[in-house]
Amino acid sequence: MTVGLFIPCYVDQFYPKVAIATLELLEKQGLQVVYPLNQTCCGQPMANSGFEHLTQGCNNLFIQNFKEVDYIVSPSGSCVLHIKDHLHAEVGKEEAAATHIRKKIYELTEFLTDVVKVENIIARFPHKVGMHQSCHGQRGLKLSQMTELVADPFSKPEKLLRMVEGLELIDLNRKDECCGFGGTFCVTEEAVSAKMGKDRVKDHLEHGAEYITGADMSCLMHLEGILRRQNSKVQVKHIAEILNSYA
Amino acid sequence: MHKTIAEHPTLADKFNQDEERVNWHDETLWWVRAKRDKAAHTLPEWEDLRNLASQIKHNVLSNLSEYLIQFEENALKNGIQVHWAADAQEHNAIVKSILQKHGVTQIVKSKSMLTEECHLNDYLQEEGVEVIDTDLGERIVQLAQEPPSHIVLPCIHKKKEEIGELFHLHLGTPAGNADPQFLTEAARLHLREKFLTRKIALTGVNFAVAETGEFVVCTNEGNADMGAHLADVHIACMGIEKLIPLRQHLGVFLRLLTRSATGQPITTYSSHFKKPRPDQEMHIVLVDNGRSRQLGRKDFRNSLKCIRCGACMNTCPVYRRSGGHSYHNAIAGPIGSILAPNLDMKDYADLPFASTLCGSCSNVCPVKIDIHDQLYKWRQVLVKEGHAPAAKKAAMQGMAFTFSHPAFYRMAGKTGKWFMKTTPFMVNNNFNPWYKQRDMPEPPKESFHDWYKKNRKENGHG
Ligand code: SF4
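Each protein sequence line maps, in turn, to chains P and E. Note that the first sequence covers residues 1 to 247 in my numbering. Note that the second sequence covers residues 1 to 462 in my numbering.
Worth double-checking, as some hints may not be accurate.
What the hints assert, rightly or not - Straight line, CA to CA, 30 Å or less: simulated BS3-like cross-link-like pairs of lysine-lysine:
no.: 1; chain 1: E; residue 1: Lys414; chain 2: E; residue 2: Lys453
no.: 2; chain 1: E; residue 1: Lys14; chain 2: P; residue 2: Lys84
no.: 3; chain 1: E; residue 1: Lys377; chain 2: P; residue 2: Lys93
no.: 4; chain 1: P; residue 1: Lys104; chain 2: E; residue 2: Lys457
no.: 5; chain 1: E; residue 1: Lys14; chain 2: P; residue 2: Lys175
no.: 6; chain 1: E; residue 1: Lys298; chain 2: P; residue 2: Lys84
no.: 7; chain 1: P; residue 1: Lys28; chain 2: P; residue 2: Lys159
no.: 8; chain 1: P; residue 1: Lys198; chain 2: P; residue 2: Lys142
no.: 9; chain 1: P; residue 1: Lys84; chain 2: E; residue 2: Lys393
no.: 10; chain 1: E; residue 1: Lys14; chain 2: P; residue 2: Lys17
no.: 11; chain 1: E; residue 1: Lys298; chain 2: E; residue 2: Lys377
no.: 12; chain 1: E; residue 1: Lys392; chain 2: E; residue 2: Lys377
no.: 13; chain 1: P; residue 1: Lys233; chain 2: E; residue 2: Lys445
Stated by the list, open to error - Sample of chain P residues at the chain E side, in silico, Cβ under 8 Å:
no.: 14; residue: Glu52
no.: 15; residue: Val187
no.: 16; residue: Thr188
no.: 17; residue: Ile226
These are calculated hints, taken from the structure and not from any lab test. All of these numbers come straight from a predicted model, not from anything done at the bench. Glycine included, C-beta positions come from ideal geometry on N, C-alpha and C.
Chain P on its own, in the form it takes in the complex (with noise of 0.2 Å):
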């Protein structure tokens, strides 16, 4: 099986360490990972500015990227939603392959859990880490069960860090409060965006995290901003760089 690696725009640009942390994690599960180089943005940006219109251009590119592989993964729990709820062929034919794609498509956490079914992972992180859930990942992908239902508890990516030697996965007074970001929300509301963020940070420091990790790096960078702004020591790493270490 052939695995093809969507890596956003912003990861591409600003963090292309979670890029090779996810390829290699993949490639160590004995995946056969292809990365196609014509990709750009899933078009999430623009759809939840209320500008799907304007999409169509992703859309097609990302049709023609990832059409032929048997599933995409991505470390990116929103971009992965938005493909899978909003990506459609602007001509009929192609409609079957952007199904493909819609169905296809795995955040990096469920893929491992789900299709690749780990059951361990030989890495060591000896820290006490604070799990950030990102909003559409977990209400949107369910990756995690949600504070909000009356159902039980289950969490991929925290079942992941299980795995990890010397982690310590601390707890939080609020468990699946939003950071803030947003996409472009973090700038159109900046004032609530960044104290939704403060307060976000404030929960992880309080009970002595020292690395922040989550499924989502666009949230992970909102907070990273937050925590230098504060000249705090903490730092942010996406899930992948801590399942492929060996520190």
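Starting from the known structure of chain P, arrange chain E with the ligand on it as the hints suggest.
Below, chain E with the ligand alone, put in the same frame as chain P:
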């Protein structure tokens, strides 16, 4: 009277000037959300109840005209006078005509978000009628000459010291006394006099039962009952979506309503009104005010299932940090943001964007309204209808071009410089809003794309 759009960010920014207050507001409402969670988790059948409630409401919305006619017939049989109002103006005029008929210029009113939506208080005040809100929270915001900031907790934005100050000014309590017990007692005495002397009482309606022609009003303070039982005339005002088909459905909704709202098992008073007592007049005003228009919008009709529990506001991380008034609409928060554009797309074009689309609102909603999906859909509608700021539109078009042309994207993105100025999430080509309270990520030496070409040559294709 058109305001410019993008009001919410400005008002939210203002609210955030006082960070201590934001913390307090956030924590108070989070506490209510936590109580709701606890109450919901004590019922193993909670999710089934939500499904059931959603389906009952689905049936109501699909057959609304029949249920309305059935309700009218039964209410008339019960001796209730039924009025129909197409919009807020008609609603207000009907209320005024009833007051005029009785020569009354002073009324008591229990909580009703519909009358807020219709701006009834302002209207009656201009007509020379004194309206006293008898719900404690509503009375407080009324004294402060502010609209409620929350549909269930109207003065949740006010601290007890501020309430003490208001009572000192208006009710003559000693300055500096902010003891909640004492203030409540003072309000009770103040309101008692109003209850005893007003001839007309107005209430809202939580549920109207088509089968029996009765309606139910839920309060924790018993103020609706006090007003209605003491007055000669009871006027009840309801949005047409408040109907439920059968009395037995109340069992579903009453279990959900307060658990969702405040975490209580049931409201202290769930009062059934079926017919006027001898010598009393009972009126019901059935108000459309845009509801049938929303019913006709396929993507948004489910918003009419709302039973106004306020759970979506309590859980909304944006509402908790921007305050109810930032929504500049009678109904704030997530549900207000999908109801308001139906009333006026231009005035409320900002509201569907006042969300991160985190989805928590849809999860707490006892009638399972797909609130965050509707927020997304409203954004598409509003942009298509031309309500997007020009700068945003230009930025989006630029991004759409860049992302559709990989070579241009890579050139523009070299070492992330272009991204620093116009990253996809940074509209208006303006980098400042991010930088105000956050640092930018450091651009790496090379993009992943370039790394991959160097290190995985064997796979490179394209
Ligand atoms: S939308 Fe749902 S959660 Fe929000 S007030 Fe209405 S019923 Fe309650």
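Results for each hint:
With a C-alpha separation of about 15 Å, the suggested pairing of Lys414 of chain E with Lys453 of chain E holds against the 30 Å cut-off. Of the supplied pair hints, the one linking Lys14 of chain E and Lys84 of chain P is violated, its CA atoms being roughly 37 Å apart against a limit of 30 Å. Proposed proximity of Lys377 of chain E and Lys93 of chain P is supported: the alpha carbons are some 26 Å apart, at most 30 Å. In summary, the hint linking Lys104 of chain P to Lys457 of chain E is supported, as the alpha carbons are separated by about 26 Å, within the 30 Å threshold.
For the given pair, Lys14 of chain E sits about 28 Å from Lys175 of chain P by alpha-carbon distance, which is consistent with the 30 Å threshold. Using a Cα cut-off of 30 Å, the hinted pair Lys298 of chain E and Lys84 of chain P holds, with the two alpha carbons roughly 22 Å apart. The hinted pair formed by Lys28 of chain P and Lys159 of chain P meets the criterion: a straight-line CA distance of about 18 Å does not exceed 30 Å. A threshold of 30 Å between alpha carbons decides the hint, and for Lys198 of chain P with Lys142 of chain P the separation of about 25 Å falls inside it, so the pair holds.
Under the criterion of a C-alpha separation no larger than 30 Å, the hint pairing Lys84 of chain P with Lys393 of chain E is consistent with the structure, at around 25 Å. Proximity of Lys14 of chain E to Lys17 of chain P is assessed by CA-CA distance (about 39 Å); at most 30 Å being required, the pair is judged violated. Of the pairs offered as hints, the one joining Lys298 of chain E and Lys377 of chain E holds, with about 11 Å between alpha carbons and a cut-off of 30 Å not exceeded. Simply put, Lys392 of chain E and Lys377 of chain E have alpha-carbon atoms about 18 Å apart, close enough for the 30 Å limit, and the pair holds.
A distance of roughly 23 Å separates the Cα atoms of Lys233 of chain P and Lys445 of chain E; the hinted pair therefore holds under the 30 Å criterion. Annotation: interface hint on Glu52 of chain P holds; nearest CB of chain E at approximately 5 Å, less than 8 Å. Nearest Cβ of chain E to the Cβ of Val187 of chain P: about 4 Å, under the 8 Å cut. The hint holds. The criterion of a C-beta within 8 Å of any C-beta in chain E is met by Thr188 of chain P, whose closest approach is roughly 6 Å, and the hint holds.
At its closest, the beta carbon of Ile226 of chain P sits 5 Å from a beta carbon of chain E; the interface hint therefore holds under the 8 Å criterion.
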